[in-house]
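Chain by chain, the residues:
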Amino acid sequence: MTRRLLLLLLPVMFLGLALFFYVRLSEDPTGRDSALMARDFPAFEATTLKDDQRRVDQSLLTGEVTLVNVWGEWCPACRQEMPQLLSLADRGIRLVGINYRDTREKGQAFLDEFGDPFAINIFDPEGELGFELGVIGAPETFLVDAEGVIRYHHKGYVSPEDVQGRLLPEVAKWR
Amino acid sequence: MLMRILPEIGHFALIIALLMAVVQAVLPLAGAATRRPLWMAYAQPMATGQFVFVLLAYGCLTASYLMDDFSVVNVANNANSLLPWYYKLSAVWGNHEGSVLLWSLMLAGWGCVAAWWSRHLPRDMLARVLGVLGLISAGFLLFMLLTSNPFERHLLDIPADGADLNPLLQDIGLIVHPPMLYMGYVGFSVVFAFAIAALLGGRLDAAWTRWARPWTNAAWAFLTVGIALGSWWAYYELGWGGWWFWDPVENASLLPWLTGTALMHSLAVTEKRGSFKSWTVLLAIATFSLSLMGTFLVRSGVLTSVHAFANDPSRGLFILVLLAVTVTLSLVVFALRAPRVSHKVGFNWLSRDALLLINNGLLITMTMTVLLGTLYPLILDSLGLGKISVGPPYFNTLFVPLTVITCLFMGLGPAARWKTTSPGELLRRLWLAGLAALVLGALIPLVYRGEWNLWVTLGLSAALWIVLSLVRDLFDKLLHRRSVWAGLRALSLAYWGMVLGHLGVAVTIIGATVVSHYAVERNVRMSPDTRVEVAGYQFTLTELTDRRGPNYLADAAVIEVQRGDSQRRFLMQPEKRLYLATGMPMTQVALRPGLFRDLYVAMGEDLGDGSWAMRIQYKPFVRWLWLGGLLMALGAVLAVADKRYRQVRPARLAQEGKA
Numbered sequence: 001m002t003r004r005l006l007l008l009l010l011p012v013m014f015l016g017l018a019l020f021f022y023v024r025l026s027e028d029p030t031g032r033d034s035a036l037m038a039r040d041f042p043a044f045e046a047t048t049l050k051d052d053q054r055r056v057d058q059s060l061l062t063g064e065v066t067l068v069n070v071w072g073e074w075c076p077a078c079r080q081e082m083p084q085l086l087s088l089a090d091r092g093i094r095l096v097g098i099n100y101r102d103t104r105e106k107g108q109a110f111l112d113e114f115g116d117p118f119a120i121n122i123f124d125p126e127g128e129l130g131f132e133l134g135v136i137g138a139p140e141t142f143l144v145d146a147e148g149v150i151r152y153h154h155k156g157y158v159s160p161e162d163v164q165g166r167l168l169p170e171v172a173k174w175r
Numbered sequence: 176m177l178m179r180i181l182p183e184i185g186h187f188a189l190i191i192a193l194l195m196a197v198v199q200a201v202l203p204l205a206g207a208a209t210r211r212p213l214w215m216a217y218a219q220p221m222a223t224g225q226f227v228f229v230l231l232a233y234g235c236l237t238a239s240y241l242m243d244d245f246s247v248v249n250v251a252n253n254a255n256s257l258l259p260w261y262y263k264l265s266a267v268w269g270n271h272e273g274s275v276l277l278w279s280l281m282l283a284g285w286g287c288v289a290a291w292w293s294r295h296l297p298r299d300m301l302a303r304v305l306g307v308l309g310l311i312s313a314g315f316l317l318f319m320l321l322t323s324n325p326f327e328r329h330l331l332d333i334p335a336d337g338a339d340l341n342p343l344l345q346d347i348g349l350i351v352h353p354p355m356l357y358m359g360y361v362g363f364s365v366v367f368a369f370a371i372a373a374l375l376g377g378r379l380d381a382a383w384t385r386w387a388r389p390w391t392n393a394a395w396a397f398l399t400v401g402i403a404l405g406s407w408w409a410y411y412e413l414g415w416g417g418w419w420f421w422d423p424v425e426n427a428s429l430l431p432w433l434t435g436t437a438l439m440h441s442l443a444v445t446e447k448r449g450s451f452k453s454w455t456v457l458l459a460i461a462t463f464s465l466s467l468m469g470t471f472l473v474r475s476g477v478l479t480s481v482h483a484f485a486n487d488p489s490r491g492l493f494i495l496v497l498l499a500v501t502v503t504l505s506l507v508v509f510a511l512r513a514p515r516v517s518h519k520v521g522f523n524w525l526s527r528d529a530l531l532l533i534n535n536g537l538l539i540t541m542t543m544t545v546l547l548g549t550l551y552p553l554i555l556d557s558l559g560l561g562k563i564s565v566g567p568p569y570f571n572t573l574f575v576p577l578t579v580i581t582c583l584f585m586g587l588g589p590a591a592r593w594k595t596t597s598p599g600e601l602l603r604r605l606w607l608a609g610l611a612a613l614v615l616g617a618l619i620p621l622v623y624r625g626e627w628n629l630w631v632t633l634g635l636s637a638a639l640w641i642v643l644s645l646v647r648d649l650f651d652k653l654l655h656r657r658s659v660w661a662g663l664r665a666l667s668l669a670y671w672g673m674v675l676g677h678l679g680v681a682v683t684i685i686g687a688t689v690v691s692h693y694a695v696e697r698n699v700r701m702s703p704d705t706r707v708e709v710a711g712y713q714f715t716l717t718e719l720t721d722r723r724g725p726n727y728l729a730d731a732a733v734i735e736v737q738r739g740d741s742q743r744r745f746l747m748q749p750e751k752r753l754y755l756a757t758g759m760p761m762t763q764v765a766l767r768p769g770l771f772r773d774l775y776v777a778m779g780e781d782l783g784d785g786s787w788a789m790r791i792q793y794k795p796f797v798r799w800l801w802l803g804g805l806l807m808a809l810g811a812v813l814a815v816a817d818k819r820y821r822q823v824r825p826a827r828l829a830q831e832g833k834a
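These protein sequences, in sequence, are chains R and L. The numbering used here puts the last residue of the first sequence at 175; the count rises by one with no breaks. The numbering used here puts the last residue of the second sequence at 834; the count rises by one with no breaks.
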């Protein structure tokens, strides 16, 4: 009889795991933080969107609180969040773009059409930096503090409510 | 007219298939419990009918893809009119809904084959097996109809053309990789059904293991090929030159492979010796559960990964419920019905039984290692205990030594006897193989690279030990035969299956060891006529051109390669493609494959002034990784063909004789 009871522990243990999955599932995926939280922005070396001779690295993101936005011309949601990003830039917040899996021509055309809130754009045509950051799809936005440490991660589209409710408070918190 | 309502026909066929699956589940299971032959007799026709209707649905979706019917949401989202026809065919399963349909088709297919191939099974056993399969089918069909209907239509605003198939998926490797993987996952459902049926019927004897073994081997062979293909695809298509990333999705396929491997070996013991019965059943349950869990993790967005499908919480919840019900029910059945007292079959600490038990222990340890590494970061995160990322260093430091230890026992196992083996005899037969493996393993890195390396020696010695002990075992088996030929013919196909399977493991280990330690990678800037030397090969960029493909534009480079001073030259042509519909750039790597080395050139970015960044890699023995996988799968298939599994029961033969 004890053996049967012991064996019944197996389904109970599994149900525990299933419960955990359930909790995990019901968490808001946009609020879920990446494993990079509170870590240094990953080291990288890349050219910029405008200038294929200019090489930049992670030191680009130190000295000032910066919002890093991952975007691409091919991404419809990126278009829709441009007005919000422009309004953030108008408030004096430094934005750096990562042009993700895109070409220089298309990326440039996108900025010409929808406006350019970015101080500079890192060119990531192969998605290598995006991979380091654990990006699963554009748009995504990271907040990097003055020491170059990732402090906040927003997955998906930034709505006007997100600007007021999430991004501005976070920027204020880390400044 | 008929053509225009194909999606509706497909949808309707799915509903009928669902109803049939429900009947296939309920009536035969109830019939077996209450001993009603008529109810049990529903199992076979329903399994067949369900397969026919799922096949019809699959045919309808495929036709919609081929006819560019963009009123179907699934087609519009995943294909466009520029796509060549073979990519339209494979686009059917290159997305979530279509892949669930393919999964259901395979499940129904395995069920149908089981129904017809296992007609000689006792009636109640067959009814229970098909009943359990019907339950699983019903779950997946319901999942598809409620949350992932592939036949959904655009009611308004039918798009003129579709979106492009993700360029990453436009590739032969990815056309065959998912179906193979699903065949493996789904194949384990048959083994699972056999295990549950045996538990329900109280028939945990040698017979059920003999029925379950060919199914296990077949499913395992598919899974092995699927994993190998995935690794091969990642190697040449993702453009990073790696072949295993310990990505959560890869791990999800590795978990059932590990327990499936344990299951194959445990089934052997149960069939031959009648021991480990409960353990074998538990492994069968665990293997299928891990297949399901892998599906859940990949599709629910609980894990984030490069391969994950689009997230949708309602889908995740449904699969979670499916997973929870299946696993909990089967574990409860196991707890209640597992043999009360495992009847003791004695064996010595040094015997094939014991060695196979150790092998099982090691494989389960590996499974736990991978499972922990995959889930631990999630658990910590959810408990608010901080965020960690578990990467290759964790997996490699634990997995590599465990593999080496497993190899040690893999060499001993086939040479040992059932029940008991004397240490002296084992030592006498294998000392030479062991010594030779160690010496060769230590010498090869010295000769090959002029430098000794502990890890290379460990890897090579382990692989050589497997090979040499197999050779010794073969030698001993042939020693007392009249002729070598007669001896070889006397060996069973199952034995050859084991030899090939183990050889495959050795080949994969050699590949993994060499390529991990001796690969060379260089990032260079090349303009026309630049010459670069990598690992004894000279690479000269001769030409830069533009090219137009069916649905992309490409920058292409032509590179002439020459080895040392030899006069033989060949060309390599890497490309950088821009897919027109999505505007997504993709690297098309130029590969020069070879049995002993691959050369690999990928175009980086245009650096202006006519020069490009290029990544050149030299990958020795990388093909051995996948060659080993194929050998393992071939071994499993050979073992299925063994005549033992084709034996029809005498009673049935007698019946057929009369007829």
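The set of hints was computed from the structure by calculation and includes no laboratory data. For every residue, glycine included, the Cβ atom is placed at its ideal position computed from N, Cα and C. Among these hints, one or two may not hold up.
[As the list claims (entries may be wrong)] With a cut-off of at most 20 Å between alpha-carbon atoms, the simulated EDC-like pairs for lysine to aspartate or glutamate come out as follows: (1) R:Lys50 x L:Glu780; (2) R:Lys173 x R:Glu105; (3) R:Lys106 x L:Asp781; (4) R:Lys106 x L:Glu780; (5) L:Lys447 x L:Asp380; (6) R:Lys173 x R:Asp162; (7) L:Lys652 x L:Asp730; (8) R:Lys50 x L:Asp299; (9) R:Lys50 x L:Asp781; (10) L:Lys594 x L:Glu446; (11) R:Lys106 x R:Asp90; (12) R:Lys106 x L:Asp730; (13) R:Lys106 x L:Asp721; (14) R:Lys106 x L:Glu750; (15) L:Lys447 x L:Asp817.
[Stated by the list, open to error] What follows is a list of derived Cβ distance ranges for each label pair: (16) R:Pro42 x L:Arg603: 29 to 37 Å; (17) R:Ala38 x L:Pro514: 50 to 58 Å; (18) L:Arg603 x R:Leu6: 28 to 36 Å; (19) L:Leu241 x R:Pro42: 39 to 47 Å; (20) R:Arg54 x L:Leu555: 37 to 45 Å; (21) R:Val12 x L:Arg210: 28 to 36 Å; (22) R:Asp90 x L:Leu577: 31 to 39 Å; (23) R:Arg55 x L:Ser256: 22 to 30 Å; (24) L:Ile347 x R:Ala172: 40 to 48 Å; (25) R:Pro42 x L:Gly521: 33 to 41 Å; (26) R:Leu17 x L:Leu602: 39 to 47 Å; (27) L:Ser702 x R:Ala172: 23 to 31 Å; (28) L:Leu577 x R:Thr62: 39 to 47 Å.
Do the hints match the structure? See the list:
1. At roughly 14 Å between alpha-carbon atoms, Lys50 of chain R and Glu780 of chain L fall within 20 Å of each other, so this suggested pair holds.
2. Our distance criterion of 20 Å between C-alpha atoms is broken by Lys173 of chain R and Glu105 of chain R, whose separation comes to about 37 Å.
3. With a CA separation close to 15 Å, the supplied pair Lys106 of chain R and Asp781 of chain L stays within the 20 Å bound.
4. Simply put, Lys106 of chain R and Glu780 of chain L have alpha-carbon atoms about 15 Å apart, close enough for the 20 Å limit, and the pair holds.
5. Between Lys447 of chain L and Asp380 of chain L the CA atoms are separated by roughly 11 Å; this keeps the pair inside 20 Å, and the hint holds.
6. Our distance criterion of 20 Å between C-alpha atoms is met by Lys173 of chain R and Asp162 of chain R, whose separation comes to about 15 Å.
7. Restraint check: the Cα-Cα separation between Lys652 of chain L and Asp730 of chain L comes to about 59 Å, which exceeds 20 Å; the hinted pair is violated.
8. In summary, the hint linking Lys50 of chain R to Asp299 of chain L is not supported, as the alpha carbons are separated by about 72 Å, beyond the 20 Å threshold.
9. A threshold of 20 Å between alpha carbons decides the hint, and for Lys50 of chain R with Asp781 of chain L the separation of about 13 Å falls inside it, so the pair holds.
10. Only pairs whose Cα atoms come within 20 Å are accepted, and Lys594 of chain L paired with Glu446 of chain L is accepted, the gap being roughly 14 Å.
11. Distance check on the hinted pair: Lys106 of chain R and Asp90 of chain R sit about 25 Å apart at the alpha-carbon level, beyond 20 Å; violated.
12. The straight-line distance between the Cα atoms of Lys106 of chain R and Asp730 of chain L is roughly 16 Å, inside the 20 Å bound, and the hint therefore holds.
13. In summary, the hint linking Lys106 of chain R to Asp721 of chain L is supported, as the alpha carbons are separated by about 18 Å, within the 20 Å threshold.
14. Among the hinted pairs, Lys106 of chain R with Glu750 of chain L is consistent with the structure: their alpha-carbon atoms are about 19 Å apart, no more than 20 Å.
15. For the hint pairing Lys447 of chain L with Asp817 of chain L, the CA-to-CA distance comes to about 15 Å; that is within 20 Å, so the pair holds.
16. For Pro42 of chain R and Arg603 of chain L, the hinted distance range of 29 to 37 Å is not satisfied, since their beta carbons lie about 56 Å from each other.
17. Checked against the given bound of 50 to 58 Å, the beta carbons of Ala38 of chain R and Pro514 of chain L, roughly 52 Å apart, stay inside it.
18. Between Arg603 of chain L and Leu6 of chain R the CB atoms are about 43 Å apart, so this pair departs from the stated range of 28 to 36 Å.
19. Range check, Leu241 of chain L to Pro42 of chain R: Cβ separation about 44 Å, and the 39 to 47 Å hint holds.
20. A hinted range of 37 to 45 Å for the beta carbons of Arg54 of chain R and Leu555 of chain L is consistent with their spacing of about 40 Å.
21. One distance hint, 28 to 36 Å for the beta-carbon pair Val12 of chain R and Arg210 of chain L, holds here, with the actual separation near 33 Å.
22. Taken as a hint, the range 31 to 39 Å is violated for the pair Asp90 of chain R and Leu577 of chain L, whose Cβ atoms sit roughly 57 Å apart.
23. Checked against the hint of 22 to 30 Å, the pair Arg55 of chain R and Ser256 of chain L fails, with Cβ atoms roughly 41 Å apart.
24. Distance hint check for Ile347 of chain L and Ala172 of chain R: the Cβ-Cβ separation is about 52 Å, which falls outside the suggested range of 40 to 48 Å.
25. Range check, Pro42 of chain R to Gly521 of chain L: Cβ separation about 58 Å, and the 33 to 41 Å hint is violated.
26. Leu17 of chain R and Leu602 of chain L have their C-beta atoms about 44 Å apart, which keeps the hinted 39 to 47 Å range intact.
27. Checking the proposed 23 to 31 Å range against Ser702 of chain L and Ala172 of chain R shows it is violated: the Cβ atoms sit about 49 Å from each other.
28. At roughly 42 Å, the beta-carbon separation of Leu577 of chain L and Thr62 of chain R lies within the given 39 to 47 Å, and the hint holds.
Going through the hint list in order, the structure does not satisfy hints 2, 7, 8, 11, 16, 18, 22, 23, 24, 25 and 27.
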